[in-house]
Every structure is written in C-alpha cells, then in structure tokens.
Amino acid sequence: MAKSLPGIAAIFEDEYKVVEAARKSRDLGMTKFDAISPYPIHGMEEACGIKRSVIPYITFGAALVGLGVGLFITWYTSVVDWPINVGGKPLFSLPAFIPIMFELTVLFAALSSVAALFYYTGMPRINPPVIDPDLTSHKFAIFVPENETGYDVQKLESFYKGLGATEVKKVAEY
Amino acid sequence: MMKRNQLILGDKNLKDITDDICAPVETVPGKGWVALFLSAKGLLIFYLFVLGMVMANGMGLLGVNHPNAWGTMIVTFVFWIGIGHAGTLISAILFLFRQKWRTSVARTAEAMTVFAVMTAGLFPLLHTGRPWLDFWLFPYPNQRGPLWVNFRSPLLWDVFAVSTYATVSIVFWYIGLVPDFATIADRAKNKIRKTVYGALSLGWRGTAKNWSHYEMLYLILAGLSTPLVLSVHTIVSFDFAVAGLPGWHTTIFPPYFVAGAIFSGFAMVVTLMTFVRIGFPQFKDYITIDHMEVMNKIIMTTGLMVGYAYASEFFIAWYSGNPYERYVFMNRAGLPGTSGDYAWSYWMMVTCNVLIPQIFWMKWARRSIPMMFIVSIFVNIGMWFERFVITITSLHNDFLPSNWGNYAWSIWDAGVLIGSFGMFLTLFLLYLRLFPAISIAEIKPVLPVGRDDHKGGH
Numbered sequence: 001m002a003k004s005l006p007g008i009a010a011i012f013e014d015e016y017k018v019v020e021a022a023r024k025s026r027d028l029g030m031t032k033f034d035a036i037s038p039y040p041i042h043g044m045e046e047a048c049g050i051k052r053s054v055i056p057y058i059t060f061g062a063a064l065v066g067l068g069v070g071l072f073i074t075w076y077t078s079v080v081d082w083p084i085n086v087g088g089k090p091l092f093s094l095p096a097f098i099p100i101m102f103e104l105t106v107l108f109a110a111l112s113s114v115a116a117l118f119y120y121t122g123m124p125r126i127n128p129p130v131i132d133p134d135l136t137s138h139k140f141a142i143f144v145p146e147n148e149t150g151y152d153v154q155k156l157e158s159f160y161k162g163l164g165a166t167e168v169k170k171v172a173e174y
Numbered sequence: 175m176m177k178r179n180q181l182i183l184g185d186k187n188l189k190d191i192t193d194d195i196c197a198p199v200e201t202v203p204g205k206g207w208v209a210l211f212l213s214a215k216g217l218l219i220f221y222l223f224v225l226g227m228v229m230a231n232g233m234g235l236l237g238v239n240h241p242n243a244w245g246t247m248i249v250t251f252v253f254w255i256g257i258g259h260a261g262t263l264i265s266a267i268l269f270l271f272r273q274k275w276r277t278s279v280a281r282t283a284e285a286m287t288v289f290a291v292m293t294a295g296l297f298p299l300l301h302t303g304r305p306w307l308d309f310w311l312f313p314y315p316n317q318r319g320p321l322w323v324n325f326r327s328p329l330l331w332d333v334f335a336v337s338t339y340a341t342v343s344i345v346f347w348y349i350g351l352v353p354d355f356a357t358i359a360d361r362a363k364n365k366i367r368k369t370v371y372g373a374l375s376l377g378w379r380g381t382a383k384n385w386s387h388y389e390m391l392y393l394i395l396a397g398l399s400t401p402l403v404l405s406v407h408t409i410v411s412f413d414f415a416v417a418g419l420p421g422w423h424t425t426i427f428p429p430y431f432v433a434g435a436i437f438s439g440f441a442m443v444v445t446l447m448t449f450v451r452i453g454f455p456q457f458k459d460y461i462t463i464d465h466m467e468v469m470n471k472i473i474m475t476t477g478l479m480v481g482y483a484y485a486s487e488f489f490i491a492w493y494s495g496n497p498y499e500r501y502v503f504m505n506r507a508g509l510p511g512t513s514g515d516y517a518w519s520y521w522m523m524v525t526c527n528v529l530i531p532q533i534f535w536m537k538w539a540r541r542s543i544p545m546m547f548i549v550s551i552f553v554n555i556g557m558w559f560e561r562f563v564i565t566i567t568s569l570h571n572d573f574l575p576s577n578w579g580n581y582a583w584s585i586w587d588a589g590v591l592i593g594s595f596g597m598f599l600t601l602f603l604l605y606l607r608l609f610p611a612i613s614i615a616e617i618k619p620v621l622p623v624g625r626d627d628h629k630g631g632h
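So the sequence lines, in the order shown, correspond to chains A and B. In case it helps, the numbering used here puts the first sequence at residues 1 to 174. In case it helps, the numbering used here puts the second sequence at residues 175 to 632.
Simulated from the structure, these hints should not be mistaken for laboratory data. Where a beta carbon is used, it is the ideal one built from N, C-alpha and C, also for glycine. Check the hints yourself; a few may be wrong.
Stated by the list, open to error - Label-pair restraints from in silico Cβ distances: (1) A:ILE84 x B:ASN496: 56 to 62 Å; (2) A:LEU111 x B:VAL202: 45 to 51 Å; (3) A:TRP75 x B:LEU329: 47 to 53 Å; (4) A:PHE60 x B:SER337: 18 to 24 Å; (5) B:LEU529 x A:VAL130: 36 to 42 Å; (6) B:ALA373 x A:ASP27: 37 to 43 Å; (7) B:LYS471 x A:VAL54: 36 to 42 Å; (8) A:PHE60 x B:THR201: 41 to 47 Å.
As the list claims (entries may be wrong) - With a straight-line Cα cutoff of 27 Å, these simulated BS3-like cross-link-like pairs (lysine-lysine) come out: (9) A:LYS170 x B:LYS458; (10) A:LYS169 x B:LYS189; (11) A:LYS51 x B:LYS383; (12) B:LYS383 x A:LYS155; (13) B:LYS189 x B:LYS471; (14) A:LYS24 x A:LYS170; (15) B:LYS365 x A:LYS170; (16) B:LYS205 x B:LYS383.
Said to hold, decoys possible - Take a look, some chain B residues computed to stay more than 10 Å from chain A by CB distance: (17) LEU183; (18) THR192; (19) VAL202; (20) ALA230; (21) LEU311; (22) ARG326; (23) LEU419; (24) MET479; (25) MET504; (26) ALA507; (27) ARG607.
Isolated chain B (complex conformation) (with noise of 0.2 Å):
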C-alpha cells in the first residue's frame, strides 16, 4: 500500500498546534504586516473615492456607453464573485468527499470566499446608477401600486442567488469558528481578549452532545452549500446566456463559468496561501507543499476545461452556420475580415488560462513556490480578462454595424478594478491577524494521518 504522507509536519502535540495557531491573534503584528495592512488601506481610501466620485458623478464616469451598456463594473463583479467559488469548493465539496487535506486551507479559503463575495456584491448595486434606490431589488408590499420585481428576469435571480450565497457562506464559516473562538476565549489571560472572543463563541462548551448536533449542521451546511455554490455562477452565467446576444446566448455558459470560477479561485488562494506561509512561517508545518500540489493540480485541470470551453465555442460557432454567431468569435480572435478591436485580449486570456498553465505538468513546477505564485497570478489576470472578453466583445460589434462601437475606457474603470483590491485586502489582512487562520478543532482529529505512532483506540 502506498504510505500517505504526513499532513501536518513537525510532529505536534495538540497544544503545539493550539499554540502554533493563536500566535497571529495573540501577538503584536510584525512590520511586515503593518506595512501590508497600511498599503491596502491607502487602496480602500482611493477605493473609497472612486466609488464616491462614480456615485456623485453617475456611471458616465465610467466607459460604459452605447451599445456596451455593461462594462468594469459588471466584469469585476463576474471576477470577484468567480474567485468566491473556491473557498465553497474547499470548505464544502472536498468535505463531502472526505478530502482530509482540505482542513489546513478550508478556513482562509472560506475567509476569502466571505470578501470576495462581499467586494463583488458593491458592484451589481452601484452599477444601477442610483444605489440608493437598491431596495427595489427585494420584493416588499409598497405603496407604488402594487409593483413587484421581475421574477422571470436572471437579474433578479442574480440578487437572491448571490445574497443567499453570502449569508450562507458567512454563516457556514462563522460555524466553523465557534469552538476556536471558544479555544481563544479560553487561553486568553488580557481581559478584553477574553470577553469579545467569549462574546464570539457564543458560549460554546465542546460537549460531545454539542458536537454530535455541531457535527451533523456542519455535514448540512456543506450538503446545502455544495449545490448552492454550483447555482451561483450558473445564475450569473444565465445573466448573459438568457440574452439573446451572439457571444452570450449560449447553453455552454453555466459549465463554463463554473469552471472557470473554480479555475480563478484557486488561483487566488495560492496566490494568499504563498504570502500566508511567508508572513507566518509557522504555518508551514500545516500548509505544506503537499498541499499546495494538490491545489496547482486542480488549477491545471479546471484551466483544460476551460481551454475546452473556448474551443468548444468556436466550434458552435462554426457548426450552427449563423453568421452573427461566426462573426463574434472571428472578431474575437482577430481573424481576417473582421474589426478585431479586442484581439490582444482574447489572446492574453487564452495565453494566461490555457497555456501558462500547462507548466504544472511537471511536478517541480507544482512544488515550486515561486513558480506557483508566479502562474497564479497569470491566471488570475487572464481569469478577469475572460470575463472582459465574454463582456465586450459580445457587445461592442452586435447585429447592426450601424450599432458599432468600442468600450471608452477610463481612468476612473482603472480605479474601480485596482481599488476593489484594497478592499478586499484590508478585509483578508484584518482576518489573518484577528480570527485563527487555521481551523484549530479541525486540524487535531487529522493529526494522526501519515504518522505511524497511532496511540490506543482507532
């Protein structure tokens, strides 16, 4: 039989892993982190900005203009929502599956999912011009007459689908950190430490009936999240799929955008996961290569199927005989006879997603921090050009060339995209320092795995 190997290194106690895990919460932060923490901060006060200036200002600011109606806005949405997926896939299917590796990534995958979702869900409600009016989205009896929102339009869909998906997510990951805030609470000897993660863990005890009820929600929660997470993006998908412009109206969309958010989401937590190991270096013992292998294998794989994805397109294309639907993929890619206004970045999104990674066919490439940080970012940026491309090019050349027209970009996009970063990064940093990084009551039952001193009972 082939031996597993370890998953946590170092050979630990179960205090050692305690230890090892409430350091970041119980420490003064380090210069490096400062740094870090005051950079993103800057980011979200500039983000701030923006943001007000597109308020005050309307969404002309913006490049959006006729016919490309939807521009940064909604394809940074797309993105930040896309990079959520991963942390649900972490934290829910691979606990379905019994991945026991899952546990030392679930927790910060899980964190990230949380502040994607949230740095995404700014985007939809300032993209209708008049955010202050965003209560219409929800249906409530009003005065108006009786005026209801459109349930038959995939917008509306959009909203419950991705308000369901943050409160479900935040409630999952809370869950999840209850009896560590309780392990907090515990060791805490500073007064208000004590009473705000007392506060926090809501008074949790840690008896086995507690757990056994603790156990069976969590089995829940991952069972209803699993196909929660698959309906998010298939609705955001339906979002174009059920317009009937060439480039959107196509029935691959729900599998694709899946893929390709799992793709970018796991992306993004190696990219974390890199900066975690360097700013907490002991946490090297718990996310080990290993584990960053296995996430760079399924970043390989969920990049072919969006490779396939791509082509598949193509082929339809060609296949259905419809010209309009000919033209945009042709226009796409740049081909003769076309305008091919938005070629480089078709091809920068098929360079970043389908090629670059195909290094992690060698396994040294895999294992290679430096490598891996390098692909993840790639993919990353291909993974927003993706979303870019499906967008734009869809609308700016449509039926009519009379209806023609290209995408005024400006400064004002560039802030939209670089500052919705900040945000997210002053909420990921907050995280790292102030909630266990690493799930402490998950990680000791996975202790034994790969070691050979198992001790009395199993």
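Here chain A stands alone, though its shape is the one from the complex (with noise of 0.2 Å):
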C-alpha cells in the first residue's frame, strides 16, 4: 500500500484521452502514477502497465483453508469427540460431511477475498484526499507523485495540456 504523496494531477474530460495519456506516460519511462477514472476502464491495465491481481491466489489458498475446517469440524465432532453408531453405519460418513465442506470453502474464499481487497486498497479508510470531486462521476486523472522519475512541474504540465488535459492542478497529498 503506497504512502500518501504530493504530486499534480491532470484532469481529463474522456476516457480515450485519459487512456493515451496513461499510456503515453508509461513510454516517458514514468512507473509510479496512477489513473483515476469513475468506472473501470477496458485497457487501463495494460495502459498503465499494472500486473494482474494477486487476489485469486489469495482466494485458492483460503478455499483450501476452508475445505479444511470443514472437513475437520465433521470429523471430530462425528469420530473423535461424539461418536454415535447409527445402525453400524460407518462414523467418517464422508458423502453426508461433503454439503458443510462445500459451504465452508465458499465462506472463507469470499470472505478473504474481500479481505485481501481491502489490504491491497487500503481500505477502509477515513477521509480519503479527493482530487476533484466529479472524478467519481464523469471526469478523470492521471495522478503523478513527486518521487516520480523525471518529476517537473512546468514540463509534465505541458505535457498533459497537450494531451488534451483540461486542467493540471497541484495535490498537497494523494
């Protein structure tokens, strides 16, 4: 999760400029911005160079951690600590443990996954700094800290004007 930073921001009105623009800004060898846009936006991945998401390795291990749990609840309590013989029926009845098992997975995947979301968001959180207000809505920003290689002010200005940016503007913190 990255520390909040200065930096400035450019402002676009389409979400094909923002896109180029992302884009553009990955081929000046720029690795530390960020785009910020309403929606997600097809492409913007690739544009800016994210690597895909780690979740899903997150939520495999906590499915397996979840088949486990429940594999183990039902054979302990059925076996181990309360064992009752149902007409010499054999007590690791596996088919009948199999709905808890499937259950279980399923709760402790999502429920990780969302939990894996919010650590790699760093959500939730307090007042969060808020660049322009209709960037939930229908604009959009790149975003450039100042710990960016090649960070200048006057010169990533005209570089976003020329873009089609319609407004750069200082961020105290991002």
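Reconstruct the complex from the two isolated chains, following the hints.
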C-alpha cells in the first residue's frame, strides 16, 4: 500500500484521452503514476502497466483452508469427540459432510478475498484525499507523485495539456 | 450483422447517468413513496405482533399438527429463499456469461436477494419453537458434555447453506455499492450525507490499481456465488428429499427446486421493476422494455422446466410401481379413489406456473407492462402454492390411513404469510431511497452498447 504523497494531477474529460495519456506516461518511463476514473476502463491496466491482481491466489488458499476446516470439524465431532453408532454405519460418513465442507470453502474464500481487497486498496479509510469530486462521476485523471522519475511540474503540465487535459493542478497529498 | 438495441436510451452522457441514479437518494420522497412506505411499515408492525404472539404462545397457534409437522413457516421459508435466487443469478451467473443487460437490474435484484433471505431466515429459526435457543444450531464447544450438532442432518446443512448464502450475498452486494457510495459522497452538498456515504464508501478512490483489484474480486465473488446459489436450493430440497416420505423422496428435487427458485425470483424481479419504473420515471431509460422482455423469456423457460418436473414426478410415480408414491400423486391431483383434499391447491399451482406463463410465447405479451405484471403476480402465487403442495400433500396422507389428517390453517398462518411481505417491502422501499438503485459504476462502461457514435479508442 503506497503512502500518500504530494504531486500533480491532470484532469481529462474523455475516457480515450486518459487511456492515451496513461500509455504515453508509461512510454516516458514513469512507473509510479496512477489513473483515476469513475468506472473501470477497458485497457487501462495494460496502459498503466499494472500487473494482474494477486487476489485469486489468496482466494485459492483460503478455499483450501475452508475445505480443511469443514473436513476437520465434521470428522472431529462425529468420529472423535461424540461418536454415535447409527445402525452400524461408518462414523466417518464423508458424503454427508460434503455440503458442510463446500459451504465453508465458499465462505472462507469469499471473505478472505474481500479482506485481500481491503488490504491492497488501503480500505477502509476515513477522509481519503479528493482531487476533484467529479472523478467519481464523469471526469478522469492522471496523478503523478513527486517521487516519480523525471518529475518536473512545468514539463508534465505542458505534456498533459498537449494530450488534452482540461486542467493540471498541484495536489497536496494523494 | 444484427444491430443491437441500445441498452440505455435517451442519449445520455456520464454526468446524466450520475444525476439520474443519484436523484432518488438526494431528493425528498414524494407522496407515493411515503404512502407505500407507511403501508409497508404498518404491515411490518402487524407482522411483529403476529410473530410475538407465535413466540409467546408456541407453534400450536399455527396450523401445524400431527401428521403435518411442517406448515406455513416452512412453506413460506422456501418461498422467500427461492425468490432470493434470481438476484444472485442476475448478479453472478449472468455476469460470468457477460450479459451486459444485467447491469441495469443487477443492483436491485441483489437487494431483493438480501431482503428475501433475511425474511426467509426468520422462519426456520422461529419454527424451532424456542427461538431463544437457536444458537444451539451452530457447533461450538459447550458444557453439555461433548454435545455437537448432527452434521449428517440436511437441516444442519441448511443452517450452513443459508447463513453462508446470506453472508456472501450481502458482501457481494456491498462491494458493488462501494464505488457508488463514493460517488454520492463526492457529490453531496449536505454535511451529514457526505459523512455517512463517505463512511459507507470505505474511502474508495477509484485509481487504476484499485479498479484492477476490484474487478478481480468482483469476478471471484461472482464465480463463488454461482455454485453457492445452486447449492443453497439444492440443500433446501434435501430437507425434503433426504426424508423417506413419498412425494419428498425423489432425486429430481435439487434441479426442480433450483429451476423453481429462478422462476419465482424472476417473477418477483418483474413485479418490483414495474413498480420501480412507475415510481422513478427516469429509470425507464435504464430498465427498458428490452430488459423486461429478456426476463419474461427466462420466466417462460424456467416455467416450462418446472412444468416438466411436475410431469416427470407423475411419470416416475407410475413407473416405480410403488403404491404409496402412486397414491400421493393421484391424491395431489384429486384423482378418483383418493381423498383429494388439496387437489385445489395442486391445480392452482399448475395453472399459475405452467399455463399462465405460456402467454409469453407472444411477443406483445412479453413487452406489455400490465400483462407481465399480472403474469408475475400469478407466478408468485403459484410458486407459494408449489411449496404448499410439496409440504402438505406429502405429509397429510402418508403410509397408514389411521395416521392421516389435514393441516389446520388458522388466521395466524395467514398473518405470518401476509406479514412477511411487510418486512420485505419495508426493507426494499428504504433501499430504493437510501442506496443507488442502479449500479452507477457498472452502467457507464455499457453506455456505448448499440450506439453508433463510438469515439476514440475501443
């Protein structure tokens, strides 16, 4: 999770312009910038050079844990701690435990995936910095933090203006 | 190539969408909403009174007796749980199939799911007769000896299935709402609204990295919800199918129950959406007649599946040669030589679920709001009767004629059934005013579908 840093933000009003700007920023060798949009944009991950999310691995791990917990709890209670002989049927009756194991697999996987999202996005967070309130409605932005390679306010401002930014402004922290 | 119809009518831009969808949250409710809300709330208070009476006096207040140990509460539980399934089908399964039309109705259908599951969840808890001891349903170390729940019982599978389903659907729904809460908070002029929705949005910022994780999570939750929703009604059907009772003990139950659940759920979505379109006219551009038509096609398809299941049960009863099984089904339909006490409910179910939806073969009926509203109400009624037929006709005449008896329907049964709508509608009406009823962040990317003016990229 990145720390908040000051930097500059370029505001765009069209989706295709911000994707183009992200792609050009990356061509320039920048790696720490981020794009902000009101909805997920098709092709933006590739334009920004974002790697595939690691959440699926966490989901898979948590699913296995859930499956194991389901198996353990049914086995321990029915075989070890409280064995009941029902007409000589086996104590470890696996088919009857499958529904429990399945439900716990899904429960663990789903809740852990959400926890992973919270971890990677820094949520929940009180009072996140807002660059422009319209960025969750109909505007788009590229934010460049000051520790970016080749950070130069003047140069970046004219660079983004040239790519169609309607406004380039300094941001105290984001 | 066939040209697709526009998913969203009225040539809107991004800002119009935000404005339209946020409007119900940001304006003072009109008289219509207040009238509906007060009626629903009145019904909810009546419901609380009925449930209080049932809890204080015991289950004997309802019509359950010997041999009909399961009655209105279980029937209505299955009814509401079934309704919930359409929401997950729309939000998860249609998402995996990349059905873009789902975006307009997904949020409200998911809300319906959450509220239907909440309404349903109360019934089995109260039906235990001593709801203050319901924590015994969960396995936890205790001092009653090493005394554990019976993991081989379908009723306990149901506890796990329904509580997992409720948890995962609430989480899925909430994750979908997070970016929209951020939108409302950013737009808010009013300090309280800004604080409340800001807190609800969990500090969402919408950076490309965040969206990347978010979309992955959404896909995963959709992928997890899909087998989950199928498992829930399968396990509900195990409550019946694992018992040895003729009329219950059949292998067709899981697919039959799931198809019926989707059928009834879509009918409820259509019922609610016709009201949403009347209450919020600006939503007509998002929830178009095309959307309603697709849902009506699903209603007809699943209605045929349910009809096939009814026929198949009869065929198997005859083909099995089991006299008890044969009797139960002949008795259901009221054929000669049986008591036929509940034949009226069976034929009501067949009429509502199989015959009436056939009108959707005609395109005008699929696209007519009054017609689809009427059909959806009949389907809701028919699906309640389906569960009534399954539960009561199987229980009331089992193996021994000396053990036969009819369900003693009382006014409290009616109170429980009608009152449950008060709980559901109160929650639903509050939702329409407090949460964005269409997903703002999901609808924007499908805006270009069917439009000619593609700009720039893509």
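* Within 27 Å, alpha carbon to alpha carbon, are LYS365 (chain B) and LYS170 (chain A)? -> At roughly 26 Å apart (the allowed maximum being 27 Å), LYS170 (chain A) and LYS365 (chain B) satisfy the hint.
* Asked: Do the beta carbons of PHE60 (chain A) and THR201 (chain B) sit within 41 to 47 Å of each other?
  -> Since the Cβ atoms of PHE60 (chain A) and THR201 (chain B) sit about 45 Å apart, the hinted range of 41 to 47 Å holds.
* Honestly, do LEU111 (chain A) and VAL202 (chain B) meet the 45 to 51 Å range at C-beta? -> Between LEU111 (chain A) and VAL202 (chain B), where Cβ atoms are some 38 Å apart, the hint is violated.
* Supplied distance hint 56 to 62 Å, evaluated on CB atoms of ILE84 (chain A) and ASN496 (chain B) -> violated, 31 Å
* **Proposed proximity, LYS170 (chain A) with LYS24 (chain A) (alpha carbon, max 27 Å)** => OK: LYS24 (chain A) and LYS170 (chain A) at ~20 Å, within 27 Å.
* Consistency of the no-contact label for LEU311 (chain B), given chain A and a CB cut of 10 Å -> Label holds. Min Cβ-Cβ 13 Å, cutoff 10 Å.
* CA of LYS169 (chain A) to CA of LYS189 (chain B), is that 27 Å or under? -> Distance ~22 Å between LYS169 (chain A) and LYS189 (chain B) Cα, so the pair holds.
* Claimed clearance of chain A by ARG326 (chain B), with the beta carbon kept past 10 Å -> Since the minimum Cβ distance to chain A is about 4 Å, ARG326 (chain B) lies within 10 Å and the statement is violated.
* To do: Quick one: work out the minimum CB distance from VAL202 (chain B) to chain A and report holds if it exceeds 10 Å, violated otherwise.
  => Holds, because the least Cβ-Cβ distance between VAL202 (chain B) and chain A comes to about 22 Å, which exceeds 10 Å.
* Pair hint outcome, LYS170 (chain A) versus LYS458 (chain B) [Cα-Cα no greater than 27 Å] -> violated, 41 Å
* To do: Verify the proposed pairing of LYS205 (chain B) with LYS383 (chain B), using a straight-line Cα cut of 27 Å.
  => Violated - the C-alpha atoms of LYS383 (chain B) and LYS205 (chain B) are around 44 Å apart, more than 27 Å.
* Asked: Is 36 to 42 Å a correct range for the gap between the Cβ atoms of LYS471 (chain B) and VAL54 (chain A)?
  -> holds, 40 Å
In this structure, the hints that do not hold are numbers 1, 2, 3, 5, 9, 13, 16, 18, 22, in rising order.
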